[in-house]
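Enquirer: Per the working numbering, the very first residue in the sequence shown carries number 1; after that it's consecutive.
These are calculated hints, taken from the structure and not from any lab test. All residues carry an ideal CB built from backbone N, CA and C; glycine is no exception. Hints are not guaranteed to be accurate.
[Said to hold, decoys possible] Derived DEER-like restraints, expressed as beta-carbon distance ranges:
(1) Ser-215 / Ser-142: 26 to 36 Å
(2) Arg-145 / Gly-57: 35 to 45 Å
(3) Ser-166 / Ala-8: 34 to 44 Å
(4) Arg-145 / Gln-36: 23 to 33 Å
(5) Gln-106 / Thr-203: 44 to 54 Å
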Amino acid sequence: MFIGRLGALPLHRHPISVCLVALQAPLRIGTTMSEQSLACLTAIIPAGLSHTLDLSGAPVAVIYNDPDDPYYRRLSPHQGCGLSSLDPDVESSLIAAVRNLYVLHQAGDKLRFDEFDFAAEQALGIEPRPPRIDARVEHIVSIIRADIARNHSIQELARRVDLSPSRLQHLFVQEIGVPLRTFRIWIRFRHAVKRVGGGDSITSAALDAGFASSSHFSHAFKATFGATAASVLKDAPSRVQIQLIE
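Let the hints inform the model, and build the full structure from the sequences given.
Expert: Here is the structure:
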């Protein structure tokens with residue numbers, strides 16, 4: 001999760017679905033599918049949807065929606081839809097919960113992911129966790145996480161689980177919700193951000209996560225999140241919270 005102030009962000013697209021929560025001023029979101037921008041207090045943005053965002057410097061929470069979060073379904077895009085908002089009752093509860101965390105942060109408390117997790121569960125309700133994912137996909141995920149800097153080919157990964165490359169890619173999307181390549185990039189971003197939050201330089205964290213260089217990381221970061229890595233990560237220990245799913 002990111003929580004902090006953002007200005008106007010150009011076209012970008014996230015590798016997984018995200019939920020945006022306005023903490024002071026409404027969000028203004030634009031997409032290539034419409035000439036009109038959408039003004040709202042919360043927005044669920046599907047993975048891969050190119051969009052602009054303008055908050056005029058107001059604070060916002062960006063919740064990255066991982067498939068095994070207990071509130072995953074409540075923050076998932078409606079099937080086949082573009083932008084959507086939360087139901088009004090859920091929206092007001094989540095805004096209040098996240099705003100309270102932001103007030104504590106402004107008072108000097110360091111944000112903790114478990115505190116947000118608890119607040120989100122209280123606001124959204126805990127849904128039953130989905131069934132265990134296919135063992136073959138689970139094995140592929142463990143391979144990627146064990147060596148995130150390595151670019152395993154789809155052919156190599158498919159051989160490891162006795163599937164054809166096309167069948168593996170289809171099964172991966174079915175089980176995880178995003179393509180394998182997208183998942184690997186997301187894992188690398190999370191690893192790099194966590195390293196920066198722990199005190200590493202952006203360059204060191206980027207190389208450790210498997211990016212070819214700091215400029216490669218910075219370019220990919222801007223395309224994915226709409227802001228520069230330096231502007232978002234300069235206060236990473238207090239503004240950006242990442243929980244790796246093991």
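Enquirer: Decide, hint by hint, whether the structure agrees.
Expert: Cross-check of the supplied hints:
1. Ser-215 / Ser-142: 26 to 36 Å: holds, 30 Å
2. Arg-145 / Gly-57: 35 to 45 Å: Holds, since Arg-145 and Gly-57 (Cβ atoms, about 36 Å apart) stay within the stated range.
3. Ser-166 / Ala-8: 34 to 44 Å: This hint holds: roughly 41 Å between Cβ atoms.
4. Arg-145 / Gln-36: 23 to 33 Å: Violated, at about 41 Å.
5. Gln-106 / Thr-203: 44 to 54 Å: violated, 30 Å
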